[in-house]
Amino acid sequence: MERKHAIFPARVGIIFLTPALLFVVVFLLYPFVRVFLLSFTNQTLLGTTAPNPEFVGLDNYQRLFDPDRWMRLGEFGSALKITAQFVVGSALIGQAGMGMLIAWAFYRKRGVLREVVFTLVILAWIIPETVVAFTWVAFLDWEFGTLNSVLDTIGVGRPDWLFDRPLQSIILFNSWRGTAFSMLLFSGALETIPPSYVETAEVVGATAWQKFRDIFFPLLRGHILTDLILITLWTFNVFTPFLLTGGGPAKRTEVVSIYTYRTAFMGRHEFGKGSSIAVVMMLINLALALIYLASIRRRRAT
Amino acid sequence: MAEIRVEKAVKTFGKVVAVDNASLTVHEHEFVVLLGPSGCGKTTLLRAIAGLGMVDSGRIMIGSRDVTYLPPKDRNISMVFQSYAIFPHMRVFDNIAFGLKMKRMPKDDIKRRVQAAAELLHIENFLDRYPSQMSGGQRQRVAVARAIAVHAEVLLMDEPLSNLDALLRLEMRAELKRLLAELKATTVYVTHDQIEALSMGDRIAVMRDGKILQFDSPTTVYDMPADRFVAGFIGTPPMNFLEGQVRRQNGAVSVYIGDYALKPIPEMVEALARYDGQPIVAGIRAENMEALSQPAEDALKVTVLVVEPLGSQNLLTIRIGSDIIKVSTHPDFRAVPDQPIWIRFPSDKIRWIDRDSGKTLIPDLGALMS
Ligand SMILES: Nc1ncnc2c1ncn2[C@@H]1O[C@H](COP(=O)(O)OP(=O)(O)OP(=O)(O)O)[C@@H](O)[C@H]1O
Ligand SMILES: [Mg+2]
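Sequence lines, in order, name chains A and B. Going by the numbering used here, the first sequence opens with residue 1, and the numbers climb by one from there. Going by the numbering used here, the second sequence opens with residue 1001, and the numbers climb by one from there.
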């Protein structure tokens, strides 16, 4: 759209923008620049490199991507791989899949069941993180956990979830936790499809799968793409698994956010190296965000 | 074999009775029009036949099968929706092919069917387009093509021409009528346009408030409307109504419009005699009255209010007592506002309507025999 009339002259507009800009500069831009610069040093919190850090060039980055060791557990490559599994499992399959399934199941339906399901799913989403993490630890506990009590009763036994299947556990947890967003987005999107489209399919006897493939999916393609990119972005950065497993056991659930945290704020407190991880993560986020924006722009154009 | 029988169908939405005890039989290959004002339940009745929204009570048969509780796909029907329901993400070809694809028909057959349907509706040059690149009229044709491509025994159409301009509608009306005669499908066609109903239907079911008021051929519906509502709904202009008084003198029955006496035809005498001394409504169509510029023995003197030259006729608005009526005349007939003319009422064209019930009096055919 073309701007025809400005309410204020540009100069007045800048005055209004200043507080917000100030915030952005102080709390976003400045830290970003700091982190970027730090990533080329060997700054630590303690030790000799704490007071006089040295410029080390691309050393930190080379260590991250060192082909000999980066895929070992507890290294950057491994963290990326675990993150990818976590994102695919909990966001793309878990949240988006479940969200679509629930939205689809209750399409054009009203009633108590729908209200109950939606409320529970949304509750899982809005309860504070530490609280849900704690309840999940309790739920999955080997000895006293609800899950194992049930499984034991029906004769399945008592798997030690957080120890034997830690990645599956956090994937399950995060799917449960974040399904609400996809569910709400999809059920809202489904409402925009005219009932007569579905009825046309019903009259010719289309199966549920045909209806989904030929009507719902193509009409919701844009919404699905938006959803997938957004939840990928969020899940990529999510830190909550730390509250369940602390990244363990043996770093088997160490996603990049936890890896960054451990590098920069635990053990030797390697700020320099931690910053380099943060820079790489930011670049990945930026790429995802650009894909997202491009997809929105393309949708507007059509 | 695809006769449609609707028996005592009732459908309510909360407190609204959308279809109220409607019964209807559509013969095989027949073209029946559901006609009525907006909100009278046409779409609801059509959807009940389609199986979209079950009836609360009553029975629906298609052929010899009771389909009341069957889903749409098991009724061997095809439907054109009031809103077209053309898929925006599919090309015209895929839209028309939709039903055939869902039924997993071989590709070659689909191609042939789509081509044939498209040709019938003159959209064969648009098959590669998306609906957004077409006009409303073209889209409506796609909807009709999609419905006929599946070759269902029963074709249900909900105002398929409603969104076209007057000229295109006129053209499509004739095309569709020819098309449906070729297809030999049993058709139920919904419209609120009475001209469309008169020109297309083998029979017309006139609806109001969920009830079917009359179910007859177009000529009967036009000529012998069952009640005052049908008479006033059908025809342009609709039927005129005059308040009269029945009087029986020396065994003869006359209806007085003011001082002017109308003589009913013999078949009506007995029915009218029962109204002796009571008011009655005379209904007559504009084209059935004779306008004279000279006084005549049996003509009523009236004053012209408005003259509308319509090309093929002149439409006069005149006042008789407290009633305003329309009279159509030959375009050469000279009439001037505020000038008197004389009107003659052919008694066989008058329909007598009970003032309270609104029902048309039925002629006593026995009087003809004797
Ligand atoms: N899904 C629904 N929920 C509630 N009321 C409905 C629903 N569908 C129809 N109605 C009501 O039922 C009545 C009949 O509606 P219907 O759509 O059959 O009318 P129609 O004759 O097709 O009108 P139109 O010519 O405007 O399409 C109306 O009073 C309408 O408000
Ligand atoms: Mg309707």
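If you're looking for bench data, these hints aren't it; they were derived computationally from the structure. C-beta atoms are modelled at their ideal positions from N, C-alpha and C, and glycine is treated no differently. Please note: incorrect hints may appear among the correct ones.
Capping the alpha-carbon separation at 20 Å, the derived lysine-lysine pairs in PhoX-like fashion look like this [as the list claims (entries may be wrong)]:
| no. | chain 1 | residue 1 | chain 2 | residue 2 |
| --- | --- | --- | --- | --- |
| 1 | B | LYS1177 | B | LYS1211 |
| 2 | B | LYS1211 | B | LYS1015 |
| 3 | B | LYS1301 | A | LYS211 |
| 4 | A | LYS211 | B | LYS1101 |
| 5 | A | LYS251 | A | LYS81 |
| 6 | A | LYS109 | A | LYS251 |
| 7 | B | LYS1359 | B | LYS1349 |
| 8 | B | LYS1211 | B | LYS1359 |
| 9 | B | LYS1103 | A | LYS211 |
Derived list of chain B stretches under chain A, where covered just means 3 residues or more per stretch with a C-beta under 8 Å from a C-beta of chain A [to be verified]:
| no. | stretch |
| --- | --- |
| 10 | 1066-1079 |
| 11 | 1099-1110 |
Among the chain B residues that face chain A by a calculated CB cut under 10 Å, a handful are [what the hints assert, rightly or not]:
| no. | residue |
| --- | --- |
| 12 | MET1061 |
| 13 | GLN1082 |
| 14 | ARG1146 |
| 15 | ALA1152 |
Results for each hint:
1. B:LYS1177 x B:LYS1211: 26 Å, violated
2. B:LYS1211 x B:LYS1015: 16 Å, holds
3. B:LYS1301 x A:LYS211: 69 Å, violated
4. A:LYS211 x B:LYS1101: 12 Å, holds
5. A:LYS251 x A:LYS81: 12 Å, holds
6. A:LYS109 x A:LYS251: 45 Å, violated
7. B:LYS1359 x B:LYS1349: Holds: LYS1359 of chain B and LYS1349 of chain B sit about 16 Å apart, inside 20 Å.
8. B:LYS1211 x B:LYS1359: 15 Å, holds
9. B:LYS1103 x A:LYS211: 12 Å, holds
10. 1066-1079: holds (count 7)
11. 1099-1110: holds (count 4)
12. MET1061: For MET1061 of chain B, the interface hint is violated, since the closest Cβ of chain A sits about 18 Å away, which is over 10 Å.
13. GLN1082: With a minimum Cβ separation of about 8 Å from chain A (threshold 10 Å), the hint on GLN1082 of chain B holds.
14. ARG1146: Interface hint status for ARG1146 of chain B: holds (8 Å vs cutoff 10 Å).
15. ALA1152: With a minimum Cβ separation of about 9 Å from chain A (threshold 10 Å), the hint on ALA1152 of chain B holds.
Going down the numbered hints, you'll see the structure goes against 1, 3, 6 and 12, while the others check out.
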